[in-house]
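Student: What follows is each chain in one-letter form.
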Amino acid sequence: MAERLLTTARAIAEAIAQEMERDERVFVMGEDIGAYGGIFGATQGLLEKFGPERVMDTPISEMGFIGAAVGAATEGMRPIAELMFVDFFGVAMDQIFNHMAKIHYMSGGNVKVPMVLMTAIGGGYSDAAQHSQCLYGLFAHTPGIKVVIPSTPYDAKGLMIQAIRDDDPVMYFFHKGIMGLGWMYPNPRATGPVPEEPYTIPFGQADIKREGTDLTILTVSLMVHRSLDAAEQLAEEGISAEVIDLRTLVPLDKETIIESVKKTHRVLVVDEDYKSFGMSGELIAIIAEEALDYLDAPPKRLAVPDVPIPYSRPLEEFVLPSVERIVQTARDLVAE
Amino acid sequence: MAERLLTTARAIAEAIAQEMERDERVFVMGEDIGAYGGIFGATQGLLEKFGPERVMDTPISEMGFIGAAVGAATEGMRPIAELMFVDFFGVAMDQIFNHMAKIHYMSGGNVKVPMVLMTAIGGGYSDAAQHSQCLYGLFAHTPGIKVVIPSTPYDAKGLMIQAIRDDDPVMYFFHKGIMGLGWMYPNPRATGPVPEEPYTIPFGQADIKREGTDLTILTVSLMVHRSLDAAEQLAEEGISAEVIDLRTLVPLDKETIIESVKKTHRVLVVDEDYKSFGMSGELIAIIAEEALDYLDAPPKRLAVPDVPIPYSRPLEEFVLPSVERIVQTARDLVAE
Amino acid sequence: MALSRETLLQLYEMMVKIRTFEERVAEIYYEGKQPVFNIAAGPVPGEMHLYSGQEAVAAGVCAHLRPDDPVTSTHRPHGHLIAKGVDLKRMMAEIFGKETGLCHGKGGHMHLFDPELHFGCGGIVGGGIPHAVGAALAIKKRGEDRVAVSFFGEGAANIGAFHESLNLAAIWKLPAVFVVEDNLYAISVPKTASTAVRSNAERGAAYGMPAVQVDGQDVVAVYEAAGEAIERARRGEGPSLIEAVCYRFRGHFEGDPEHYLPEGEKEKWKQRDPIVLLGNQLKEQGWLTDEEAQAIQERMTALVAEAEAFARQSAYPAPEAALTDVFVQAS
Amino acid sequence: MALSRETLLQLYEMMVKIRTFEERVAEIYYEGKQPVFNIAAGPVPGEMHLYSGQEAVAAGVCAHLRPDDPVTSTHRPHGHLIAKGVDLKRMMAEIFGKETGLCHGKGGHMHLFDPELHFGCGGIVGGGIPHAVGAALAIKKRGEDRVAVSFFGEGAANIGAFHESLNLAAIWKLPAVFVVEDNLYAISVPKTASTAVRSNAERGAAYGMPAVQVDGQDVVAVYEAAGEAIERARRGEGPSLIEAVCYRFRGHFEGDPEHYLPEGEKEKWKQRDPIVLLGNQLKEQGWLTDEEAQAIQERMTALVAEAEAFARQSAYPAPEAALTDVFVQAS
Ligand SMILES: Cc1ncc(C[n+]2csc(CCOP(=O)(O)OP(=O)(O)O)c2C)c(N)n1
Ligand SMILES: Cc1ncc(C[n+]2csc(CCOP(=O)(O)OP(=O)(O)O)c2C)c(N)n1
Ligand SMILES: [Mg+2]
Ligand SMILES: [Mg+2]
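Residue numbers (our numbering), protein chains in the order written: chain A, 6 to 341; chain B, 6 to 341; chain C, 2 to 332; chain D, 2 to 332.
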């Protein structure tokens, strides 16, 4: 039988639908997730299936409805809230940071906050400084939040089901460029095989998306695809790159990272988030702490060079890691 | 003539007062900064001197008044806003992150946002999960914000005057434990010599608070004091620790860091912020990138181990870097 | 509607219970903090916001609540939690930071959680208001007749979460009651400097929500207004807003110099002590003798003493316990 | 108050100017996006929120404003900026992402800044409201007679920043005017599902602020309400709130499938096109002939064409320019 192909958006919507069928405590809330189906399609078809009581359009009140999700979760529901773009987190950050993330701890483990906060990330289509950010690094810095960042339709479904079943607050970041939307820049890997039956992917297990021996590329989300494309080009030059999709930053699969570095002795982090004080720094620090002697060259990173995302195409292209820059940096790294 | 001694709180209030005298565009706004003088004394005496038009108590509307500071700054004023505890940032983060930090860039350099956002950080007195955080790492990750973290009364005054005169948005973090407050746990170095006349300390210049040869301790704020105390104990054991007070994270004085590591070959980061995806990771990453070959041992870090700050004293003591743990970690590092 | 003697005596007793608890906590709080006040010292470190003076609000509202009615509170939570029916021992132990506390010492005075009572609170002004909306949403989804109540100060009524929460509760017609405790100040900032209207009851109009201002020193007035709002919510008729005007008898937190208070203001308000007011009324009606009042006080003192003893005898959590409870499932 | 012919013609011309700009931008936007719509393609990539249909609001309000009156706008900013008097060439160049644009290509359609006009906007709903408060505060501190105006949608009236900002403006009695453009929808969510009151004018009561709802398709109604509010503010009498009821003729953004619209709704509203309404009125009064109307349209078309040509001929910024302007003082 031919494998069933889905876009990432459909895979996510299917995961949510299957969990909503299985568990009536699950419901979804957010802006334009009902009739519109979610601006990025993550809730497409849910309103029709489950009705407005379980698929709730909200006002533009992110502090209010994300806080309400926290309150509903502590009362035993299992809400999924959508923050339309991660860039808007600032209007709701207190509820995310001081409540969603901390109530379980502050209560000494007596109160659970089983909820999923899903949100769109990423740029590359000229949406500029307030609609193009990734920001998972901020949330990974926050104790009490699990940070999930799928890169493929298959992972998206399994990680979403895992997130919904998890008893902890989970932030789930989907990149607009991996959703398989008709109107977004194309990405062939945004459509892929997805089993129909529900399945889970455990958190904290990185996925080696391509094996290699000369350098390790650590990355997530859309940059997995750019890195795979780069790895292909590098292979033609005789450079064998291992591409590791971390999939979750919290919990982080340190073991897979360290093992890979011990094998390749060289590491490049590719990150669409801001460079400094974020994901790339943490990964390199862990490697320096745990595998210093295995490094044959200083680690490198490609990330947004600590500027807001500019609007104009040539400017934006300049700051986002591209296949060419990944190739070039990998080349330099191997040459050292 | 004997040196004049001031607490850090008085040094900050004096800096603000001198700038308010010099420049009538400067004004201060925040909760309880008027008659109360600021919960941590950073605005003590200003209301009496400058009146309620220039020293404005605000409602509990951080999004509103920090956003208003942004708007006043773009209209040519030079506001200083106080966010009472940094922990409350979440209710105002959008204004900080998407507006204060980005307007200059988004406007292509045409609009300036000359403002200071000052805020109290730190724990150690059982104020628990929502009143004890440091969080400077989050803001250092945000392009467009200068991040200033004084540790002494002298630095506090010079850096505050610099911050007020700077044309960019500056976040200024004062630790409650360095303010020299009568009601806070005592810290003898919270009182120190401060010249009366205005002076500035340029951003991006770390200060070697103690020279040493065996290891480099990189730190900020209250942890400078803990590290200095630790260095004293280490000296008795014959271990010579260099203690570098970074003073500003953005801009960051990489040169001083790298030079020190090239000299000592060992580095320990001491950080009261959460460990992962924050300051400590970034510093180690920079060293791994730029001075890998100089490292004689894997870098180490002491930071809050990715848990919210607990209330109970033994729990809180367990998670905050202490003099003893700094000493122990330094010892281990030198032994490697 | 005249209240029964039983109800009035219950309200009276609850107010005495809260006051007794708070005043004892204040004494304990200063242990180890004299002669030099050091906030980090003593058996109860950290900030301490006490509820003395506002008892009529917690008592009057919570008298209508069942254990399964969710309540969200603030940085000044003791009164609400006691009125909700907490085990004083576990509450006091938490304030002492002990392993036997409600949160095993991780929460402390500002972060008290009692899931059996559906009670939560926190140190962020306005932070609990959306949680009550969410609890009410859960209730409505399940078709239950429970009601979620959110207590907060008049200062909190100026923060965005207030607006978003009330609007959500109104459009979704949720079983929620929002109780503003207008104690005139947010730390040092008086309501006149923070709030563009005299009464937050005027803000009900912004959400098409019934809203009323009541005398928060008069427990009967609070009881009646709350009863109406809570019954309305239970009947599925939607949310309400109540503002109760009251006063902080001990300042914002322990150690508050209170320089900002107008002279004589506190004294004036103390003459309308809610406990004394109700006590006098009961005595006038012949429903309470001085001896009975004394007996109630003694019972409450004993209860608090028992809680204190429990807290003192309890052990601190093991330091490494700091590392647990970040997640339910660690990986 | 009857408006002069001159004023009415100015309003008319401004509305035509905005409409002409927007409809041309729409055409340009689809260049390179056909047959397959790819948001990243073409000379104008990214999201595109156009103002067609709402012109009466921007024109009616901004007619009272001077270049030095601060205005904050939203993700749908073109109408406000044009009504404020922007140089169309630099505005269009910014939308094209060119070096000659208002922001040298860094801002784009949602982030247009013109400091000479004291104009700013942004992509975060409600984000600009506090900035207007701050601008008004600066004005008041300096004792000037300028007025700060904030435009935002009815959707934004449910976010916390709205509440905090209006309260601040009211307690500080600032020269600010808040203009809600109620175009019935926030993307797909209708006002009835987002707002607990029918009219945001009812929310003025929460801040003791004069508030009025007007027909936003009727530029005269907007002009008059705005005139009153702005003059009040200039006189130092404090802030006001205006809600103008209008409609988005092109959906939320280009590419909006608009499945969520009730059948016939848009057609109904289009019959009340603000430009046609005023045009007819002017014609009835004998103040505008078809030829004059045609001439105005031609002039506006030429202006927009000139702006377009300028934008097309301008160069893109150098890629490395992405690294500048993070800070004024780089270290
Ligand atoms: C978002 C936020 N801002 C500021 C504070 C600091 N703070 C704690 S309590 C308080 C005053 C609260 O006033 P009110 O809501 O009237 O409650 P009350 O203390 O009078 O009971 C303030 C400003 C905080 N905890 N959270
Ligand atoms: C804080 C925030 N939440 C959500 C969005 C996404 N968003 C952009 S425009 C919009 C609708 C705005 O509606 P309204 O305020 O009525 O303005 P309109 O688009 O109708 O002009 C939404 C939800 C955003 N940009 N910012
Ligand atoms: Mg109060
Ligand atoms: Mg709208």
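Simulated from the structure, these hints should not be mistaken for laboratory data. Among the clues, some could well be false.
[Claimed, not checked] Interface residues of chain D toward chain B, partial, derived using beta-carbon atoms under 10 Å:
#1 G33
#2 V37
#3 F38
#4 N39
#5 A41
#6 G43
#7 P44
#8 H65
#9 P68
#10 P71
#11 G102
#12 A136
#13 D146
#14 W173
#15 K174
#16 Q330
Computed from a predicted model, the values in this text were never measured in an experiment. Just so you know, even glycine gets a beta-carbon here, dropped at the ideal spot from N, CA and C.
Student: Does each hint fit the structure? Answer for all of them.
Tutor: Consistency of the hints with the structure:
| no. | hint | in the structure |
| --- | --- | --- |
| 1 | G33 | violated, 24 Å |
| 2 | V37 | violated, 30 Å |
| 3 | F38 | violated, 26 Å |
| 4 | N39 | violated, 24 Å |
| 5 | A41 | violated, 19 Å |
| 6 | G43 | violated, 22 Å |
| 7 | P44 | violated, 19 Å |
| 8 | H65 | violated, 19 Å |
| 9 | P68 | violated, 14 Å |
| 10 | P71 | holds, 6 Å |
| 11 | G102 | holds, 7 Å |
| 12 | A136 | holds, 5 Å |
| 13 | D146 | violated, 14 Å |
| 14 | W173 | holds, 8 Å |
| 15 | K174 | violated, 12 Å |
| 16 | Q330 | holds, 6 Å |
Hint check: violations occur at hints 1, 2, 3, 4, 5, 6, 7, 8, 9, 13 and 15; the rest are consistent with the structure.
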